[in-house]
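Keeping their order, the protein sequence lines are chains G and A. Counting along the first sequence from 1, when you hit position 227 you're at 226 in numbering that gives the first Met the number 0, and nothing is skipped either side. Counting along the second sequence from 1, when you hit position 301 you're at 300 in numbering that gives the first Met the number 0, and nothing is skipped either side.
Where hints are given, some of them may not hold.
In this list, chains with the same sequence are indistinguishable; a pair is considered to hold if it fits within one copy or across any two.
What the hints assert, rightly or not - List of simulated lysine to any residue pairs, SDA-like, C-alpha gap at most 20 Å:
| id | residue 1 | residue 2 |
| --- | --- | --- |
| 1 | K182 | E103 |
| 2 | K226 | S323 |
| 3 | K275 | G233 |
| 4 | K182 | G268 |
| 5 | K302 | A151 |
| 6 | K182 | M101 |
| 7 | K302 | D211 |
| 8 | K226 | P149 |
| 9 | K182 | R94 |
| 10 | K302 | Q95 |
| 11 | K182 | G271 |
| 12 | K302 | G8 |
| 13 | K182 | A99 |
| 14 | K182 | E100 |
| 15 | K182 | W106 |
| 16 | K295 | Q91 |
| 17 | K182 | A96 |
Keep in mind the hints are simulated off the structure, nothing from the lab.
There are 2 protein chains.
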Amino acid sequence: MKLASLNQGRDGQLIVVSRDLTRAVRVPQIAATLQQAIENWDTLAPRLETIYADLNDGQATDAFDLDTTALHSPLPRTYHWADGSAYLNHVQLVRQARGAEMPETFWTDPLMYQGGGDSFLAPTEDIEAVSEEHGIDLEGELAVIVDDVPMAVSPERAADHIKLVMLVNDVSLRGLIPGELAKGFGFFQSKPASSFSPIAVTPDELGDAWRDGRVHLPLTVHLNGEKFGEPEAGPDMIFSFPQLVAHAARTRHLGAGAIIGSGTVSNPGIDGGPGKPVADGGVGYSCLAEVRMVEKILHGEMKTPFLRFGDRVRIEMYDRWGNSIFGAIDQQVVRYQPT
Amino acid sequence: MKLASLNQGRDGQLIVVSRDLTRAVRVPQIAATLQQAIENWDTLAPRLETIYADLNDGQATDAFDLDTTALHSPLPRTYHWADGSAYLNHVQLVRQARGAEMPETFWTDPLMYQGGGDSFLAPTEDIEAVSEEHGIDLEGELAVIVDDVPMAVSPERAADHIKLVMLVNDVSLRGLIPGELAKGFGFFQSKPASSFSPIAVTPDELGDAWRDGRVHLPLTVHLNGEKFGEPEAGPDMIFSFPQLVAHAARTRHLGAGAIIGSGTVSNPGIDGGPGKPVADGGVGYSCLAEVRMVEKILHGEMKTPFLRFGDRVRIEMYDRWGNSIFGAIDQQVVRYQPT
Chain G
0 MKLASLNQGR DGQLIVVSRD LTRAVRVPQI AATLQQAIEN WDTLAPRLET
50 IYADLNDGQA TDAFDLDTTA LHSPLPRTYH WADGSAYLNH VQLVRQARGA
100 EMPETFWTDP LMYQGGGDSF LAPTEDIEAV SEEHGIDLEG ELAVIVDDVP
150 MAVSPERAAD HIKLVMLVND VSLRGLIPGE LAKGFGFFQS KPASSFSPIA
200 VTPDELGDAW RDGRVHLPLT VHLNGEKFGE PEAGPDMIFS FPQLVAHAAR
250 TRHLGAGAII GSGTVSNPGI DGGPGKPVAD GGVGYSCLAE VRMVEKILHG
300 EMKTPFLRFG DRVRIEMYDR WGNSIFGAID QQVVRYQPT
Chain A
0 MKLASLNQGR DGQLIVVSRD LTRAVRVPQI AATLQQAIEN WDTLAPRLET
50 IYADLNDGQA TDAFDLDTTA LHSPLPRTYH WADGSAYLNH VQLVRQARGA
100 EMPETFWTDP LMYQGGGDSF LAPTEDIEAV SEEHGIDLEG ELAVIVDDVP
150 MAVSPERAAD HIKLVMLVND VSLRGLIPGE LAKGFGFFQS KPASSFSPIA
200 VTPDELGDAW RDGRVHLPLT VHLNGEKFGE PEAGPDMIFS FPQLVAHAAR
250 TRHLGAGAII GSGTVSNPGI DGGPGKPVAD GGVGYSCLAE VRMVEKILHG
300 EMKTPFLRFG DRVRIEMYDR WGNSIFGAID QQVVRYQPT
């Protein structure tokens, strides 16, 4: 099943979207918002699935042509947004860029930070930033939405609470990160509002690409119309989504609608090294920090700048037949103009 | 004006509470929840104020006797919960306990971490913990609720967005903090669900105790019925609430209902030292980590244990005439029993 939220009101308006992303149906008789649906998932999901089947069969009444630019992120806001960093190749590279070693425990104990869930960007909304000097970067990721998860859940049981999957652009301000991490309290100003793919899908929608709690497909990232990366999201995700959900719930209950992210998708190179740019035959990257570190390793200096005002970022994922699964995150970076 | 939420449904049911906390009125015709009220504050607050005036005058229809144990936290969940650490005496002490120096920049750049807002505890709800080995601690604090705050707001303008004030118990798991901070991503599992005072009040309700964006009154903390602290919340708060709100909004808009905390209220001693326990004539503490550090400084070892199952914590604030302003956070620590 594929779900989305029309960009209306603070929580959007829930719609069911056809598998090919061309048609949709409003479902106010079932749930006004995705938040309402996830809070009552066991009861409401079967009713939404019925409409989804009708929609794909061309039998749904009141279906309309979908304009994905009219969509907000599936959850325009949420009470809990926690982002892991499960691709340790990314962690190794960004730490190398800061001159920091990666502790051995990182292979067994997930990294995760708490983000602000109050004001997500729509998938095609401008990324407003105060200054290019903040080192504006994208981070292409996957994320899951869970229903109510009890404290101290096991990874095995956590898997049952994963109801939806989507893509994320976890916008990061690299210039602010070293100072914030030095203070010891983790990211805060360096992680402004994130955006999500227009469509969220149930795991079954991914077929056998959803296995071991991971999405085994490449994530495609374009910068200003040129392919920047298509790293595989499956094999190098050291911690699965169920493991990340269990980590988040170790000392607290998670409320329905909590979003848990994977961290930046990143593959090491075939030689075990940091991986090559697309232009050099590699799979590329899903954030600029990595290519900059690779440039430093290979050529002695970082050449690629961070994002500048006017730059455009596109993040998408295709199934094996070339169909977009989640629709595209497609955003331009602009200077913030205070009102 | 004083507002609260009956513990019904995920977001509670908004009520207006009399100044003396004895009577209340349901207000579904104005707003079902406090979240709804804060999202439409400029329109709805005057209507709520009218009912508040009637209630205090004994003129409100449908008023009922208030049982504060029937209340949830004013916002049972929120989209943004960020906690500063504005009492640097606390920061110095807990860092000293870890053997870490406090950088000079801490006097000019606020510390703040992002917490999970999805599952707050009610003010009299048990604090469930998996293990006493986690080093369960209270942190008595103040917090404010804001309406929509634009990105990059100045502290001067941020002040206008502060709509409500309340108390917090920012439960902390001290045993998990060093490991988490060493990973560099800040607090996560070490900051389980917080609880808030049953009543939230508009700043004008504090009279001249609300000035310079701070609450100039002592915070009273009891442990198992004995007074543990009554530190002054005003003078040693290095950053005001407007400064903390502006810090939180530097790179993102804050959505209505965002909660910004002060950090653990803490006073240095008259001699500039770490401050004495109540039993020794000092103002005491609002967390156990501080008394433990003081014991280590004065006697060479920490004697006071962290909270144990069965321990009870009470946090309250009184006006100059001895009236409870916010009602009490009054919680027992219990072992978590997975269902």
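Hints versus structure:
| no. | hint | verdict |
| --- | --- | --- |
| 1 | K182 - E103 | between (23 Å within a copy, 11 Å between copies) |
| 2 | K226 - S323 | within (16 Å within a copy, 62 Å between copies) |
| 3 | K275 - G233 | within (18 Å within a copy, 55 Å between copies) |
| 4 | K182 - G268 | neither (33 Å within a copy, 25 Å between copies) |
| 5 | K302 - A151 | neither (45 Å within a copy, 30 Å between copies) |
| 6 | K182 - M101 | both (19 Å within a copy, 9 Å between copies) |
| 7 | K302 - D211 | neither (37 Å within a copy, 47 Å between copies) |
| 8 | K226 - P149 | neither (41 Å within a copy, 34 Å between copies) |
| 9 | K182 - R94 | both (16 Å within a copy, 11 Å between copies) |
| 10 | K302 - Q95 | within (16 Å within a copy, 42 Å between copies) |
| 11 | K182 - G271 | neither (33 Å within a copy, 24 Å between copies) |
| 12 | K302 - G8 | neither (42 Å within a copy, 54 Å between copies) |
| 13 | K182 - A99 | both (15 Å within a copy, 11 Å between copies) |
| 14 | K182 - E100 | both (18 Å within a copy, 11 Å between copies) |
| 15 | K182 - W106 | between (24 Å within a copy, 12 Å between copies) |
| 16 | K295 - Q91 | within (14 Å within a copy, 38 Å between copies) |
| 17 | K182 - A96 | both (18 Å within a copy, 16 Å between copies) |
Violated hints, listed in ascending order, are 4, 5, 7, 8, 11, 12; each of the other numbered hints is respected by the structure.
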